[in-house]
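Visitor: If you want the building blocks of each chain, they are given just below.
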Amino acid sequence: MGDLRSLSVSQQTGLLFVALFGLLMLVSVATFVRGLREDGRQRLAEQAAFTRELRAVWVGAVLFWTAWVSGALGSTLLFGAVSFLALREFVTLTHTRRGDHRSLLLAFFVVLPLQYVIVATRRFDLFTVFIPVYVFLTIPVISALANDPQQFLERNAKIQWGIMVCVYGTSHAPALLLLNPPDYEGRGAFLVLYVVIVVAVAQITQKLAGRRLRRRPVARAISRSFSWRGWFIGAAAAGLAGALLFWATPFKPVPALLMGFVAGGSGTLGEFVMKALKRDAGVRSWGGKSSVTGAVGLLDRVAPLCFAAPVFFHAVRWYFGI
Amino acid sequence: MKLPEFAGLVLAALARLITGAQGRWHGSPPKAEQRIYFANHQSHFDWVLIWATLPRDLRSRTRPIAARDYWTATPLKRWITQEIFNAVYVSRHRQPGGDAPPAGEDEDPLEPLMQALRGGDSLVIFPEGTRGHAEEPAAFKAGLYHLAQAFPDVQLIPAWIDNVQRVMPKGEVLPVPILCSVTFGAPVALRPGEDRQAFLVRAREAVLALRSVR
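Order-wise, the sequence lines are chains A and B. Residue numbering for the first sequence is -8 to 313, as defined by the working numbering. Residue numbering for the second sequence is 4 to 217, as defined by the working numbering.
For reference, chain B alone in the conformation it holds in the complex (with noise of 0.2 Å):
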């Protein structure tokens, strides 16, 4: 066993250790398919969350979305994200399931992220674009939507992630233990001529319908 391989097990056991990390399986079996989890974002957790509640198997073929600016910064942070979780570097301005790019810019955000999923990848992606506080998640960004036109073939599981805001708030350092969940509910498929608007309603609300599944 490699170390970045023996590293993210100790991580999830440590993130067990702390939150229980549950996962609940609510109408998508944990399966090898290529998918694109979408979920609520309340803090720097969630990301370790879902990871720690996926079966070992799926964990190093899903990956996270990092902001090239911060997670490289240092050797450690290039370290974490790239050993560990191998994840798919975007560039800060334009953030993570953004809004289109404007005509013209040279890169499209969602490039890197389109590049991941032709390799094979599943991505975890919080389309809310920044860590809300707020009880509601804030509306969707349009990334979701442009990735599920680009990849019909993928699934798009909603997940619900229960607690986590209280392990770690914003400006915190420390996780407290507090048992968590994670939801995962039936996949969402973009349907033919659905409009962008219509459709992220929709993923959202699929995304807080998993709230009061029990």
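Here chain A stands alone, though its shape is the one from the complex (with noise of 0.2 Å):
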């Protein structure tokens, strides 16, 4: 581990990039070929399930590749454009009135370009309040302007929320990137992948292991397969992969087992929140409308992250005293 530390950033970060892209290969590959000899409707509902996560895992390594090679700049854009996206497919799966057109001109078009020019100058206590504080305060006041008392409170909440998930979840991706916590400047690209791995790693090991557990779900209504054990088995294996990760980040062992502990199991909550919004909503997945709106489902492999980002910038922000 410590010919590791001794190399130069940005081999680094592409013997990460190998080491990830590698792995994700070969769980496709061991995927495919399983898939070749699966039978049964159930395992070809879980197959089909279980390629569905790893595309997501996919999708957000090369986006995250993308990002490393764009630099900051490229980067802030490239989120910007992921919030952008996601917000769309928020709003499109809510009910949202006439009432709510200014705020949501608002949202798309003041506060998300707002949030990424913060971010991008690297105002971090103003990033860390802009949204929960100033914008959370004026779209009840637009709102209220429009004159529609119908539903009120329901219809900022979901503003908010689609706010909140998609602009300051995802914000904290690049907010990470310009970090530069002391002695590691121009490497927040490691701590974006840090996350992203051990979201990722929590994900798919919560998966697995409630596939074997076959325990009582805690929120039968919600997630048929989300219970406490499963959780914290995912959230214990995201830990693991994070200490195994620490040289490329600036913790120590310890520290990284907690952080990844932390952010990975913060990731999986943030799932089956989601989860919830989506029984509301009354879609199965978000892209399941698919066919009518042409929502992809981005939201779906956004929604961890957005959860796990913050938590994790917080923390890597009280643990430096940045």
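Hints are computed from structural coordinates only; laboratory data are not their basis. Hints are not guaranteed to be accurate.
[Stated by the list, open to error] Per label pair, the in silico range of CB-to-CB distance: (1) B:Leu79 to A:Gly65: 31 to 37 Å; (2) A:Leu144 to B:Met4: 36 to 42 Å; (3) A:Val50 to B:Pro32: 26 to 32 Å; (4) B:Leu61 to A:Gly31: 42 to 48 Å; (5) B:Leu14 to A:Arg89: 22 to 28 Å; (6) A:His305 to B:Pro32: 50 to 56 Å; (7) B:Arg121 to A:Leu64: 38 to 44 Å; (8) A:Leu64 to B:Met4: 26 to 32 Å; (9) A:Ala148 to B:Pro32: 39 to 45 Å; (10) A:Pro123 to B:Lys173: 22 to 28 Å; (11) B:Pro32 to A:Gly31: 55 to 61 Å.
The C-beta atom is built at its ideal place from N, Cα and C for all residues, glycine as well.
Join the two chains, each given in its own frame, into one complex according to the hints.
Guide: Okay, structure coming up:
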């Protein structure tokens, strides 16, 4: 591990990507081979679900590779675009009324760009409070001005949630890229990758554990596969993966393990919460209505990260006192 | 590339960014045949959406209908409708696709449409005549029937525009990004001896049926 620390930044990053894509390739090939001999409807459905999960990880990996290659400005723009597309999908699938029009315009064309400008200029204190404080208070004002009291609180909550998940959560990925902890300049890509990997590990492990364990689900009406033990196994695996990656991070092994546990655990909890939101909107997967609206299920891909990235980001800031 | 053509491409890209502009062809492939597309009408954005979902080659020969008094009022409006969209202008006091003219009136309001069709162009019309804000489209005006009668060889393609009223409700200027789709159905032809009312009801039902196509 000491040898790895002595490599240059770009060599380390390159190695990380080689390992990541190699691992994904292995898993994909293994899944494909298994798919050849699977039969039975139940198995096939599980197989399909797993393949979808795997594809999400692939998309994420490619996205972060692109972000790393394109530098600070490029990655901010990239994640801004992801935010935009995710929010578009979120709004499409929730029921908004005519009175929400101005609030939605504000969310898309003012809040979203501003948040990313704040990230790009590294004003992290403002970045942290801009949406939870200022936007949170502005949106209801704009909504109230639209003169429609029907389901006022509910409609506002939906817009707030959309902004929180799709803009605030997602914007933490470029924020990690630009954070620059002491003695760790220019290596933000590692932090982002660290989060992505631990979240992916947590998700996959939880899924596999859920299949093996067959525990009684905690909230049957929301998810048939979520159980506390499955969640714990997933988060623990994420912690382990995090500890193994400590050489690429500014942390020592034990903090790296804790960080991995926290980030992975919140990622899978985020997935769980998004499932509840989906049930509320009446769709099984955010991409389920794709034949009608063209929604591609991007939200499914970013949701776990939207929970993990902010938690991890603030944990890092506290850890270093910056 | 000339400026109007470029502006058209930018506009189509914007429509795609904001709404996804997903075209779904169920029953009629996108082909360079002469056609009349007829659709439900809920927003000013409807035309742009249909236009953006069409393949690029078809766009230049597919024309909207624009009210002359409004869309030629300023040079910009005239430029947009004439240069980018190549719109067919009709006089406002008789709505496009509206009722047949009473006897004795000078110009048949459908005449500009007929002229465009004789020239081989395709048209997009909204036979409700005006933008509705109800869930279901209003009853269709007779114009569609007259066009079907006069041009039996032109295909009549029903289209259902989904979700667009949320993008730009009546009275708003800026669109909110929300995914929309346009579903095109199988051609509806005027049956021999079919009565006007029966045909209009059937055409409206063909549009409505596309709503539930998954």
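Visitor: Would you mind marking each hint as holding or not holding in the structure?
Guide: Verification of the supplied hints:
1. The hint said 31 to 37 Å for the Cβ distance between Leu79 (chain B) and Gly65 (chain A), and at roughly 35 Å that hint holds.
2. With their beta carbons about 51 Å apart, Leu144 (chain A) and Met4 (chain B) fall outside the hinted range of 36 to 42 Å.
3. Here the CB-CB span from Val50 (chain A) to Pro32 (chain B) is close to 31 Å, well matched to the stated 26 to 32 Å.
4. At roughly 46 Å, the beta carbons of Leu61 (chain B) and Gly31 (chain A) sit within the given window of 42 to 48 Å.
5. For Leu14 (chain B) and Arg89 (chain A), the Cβ-Cβ distance of about 25 Å falls inside the hinted range of 22 to 28 Å, so the restraint holds.
6. The supplied range of 50 to 56 Å is met by His305 (chain A) and Pro32 (chain B), whose beta-carbon atoms lie about 53 Å from each other.
7. The hint said 38 to 44 Å for the Cβ distance between Arg121 (chain B) and Leu64 (chain A), and at roughly 55 Å that hint is violated.
8. Leu64 (chain A) and Met4 (chain B) have their C-beta atoms about 29 Å apart, which keeps the hinted 26 to 32 Å range intact.
9. Here the CB-CB span from Ala148 (chain A) to Pro32 (chain B) is close to 44 Å, well matched to the stated 39 to 45 Å.
10. Checked against the hint of 22 to 28 Å, the pair Pro123 (chain A) and Lys173 (chain B) fails, with Cβ atoms roughly 34 Å apart.
11. Range check, Pro32 (chain B) to Gly31 (chain A): about 38 Å between beta-carbon atoms, so the 55 to 61 Å window is missed.
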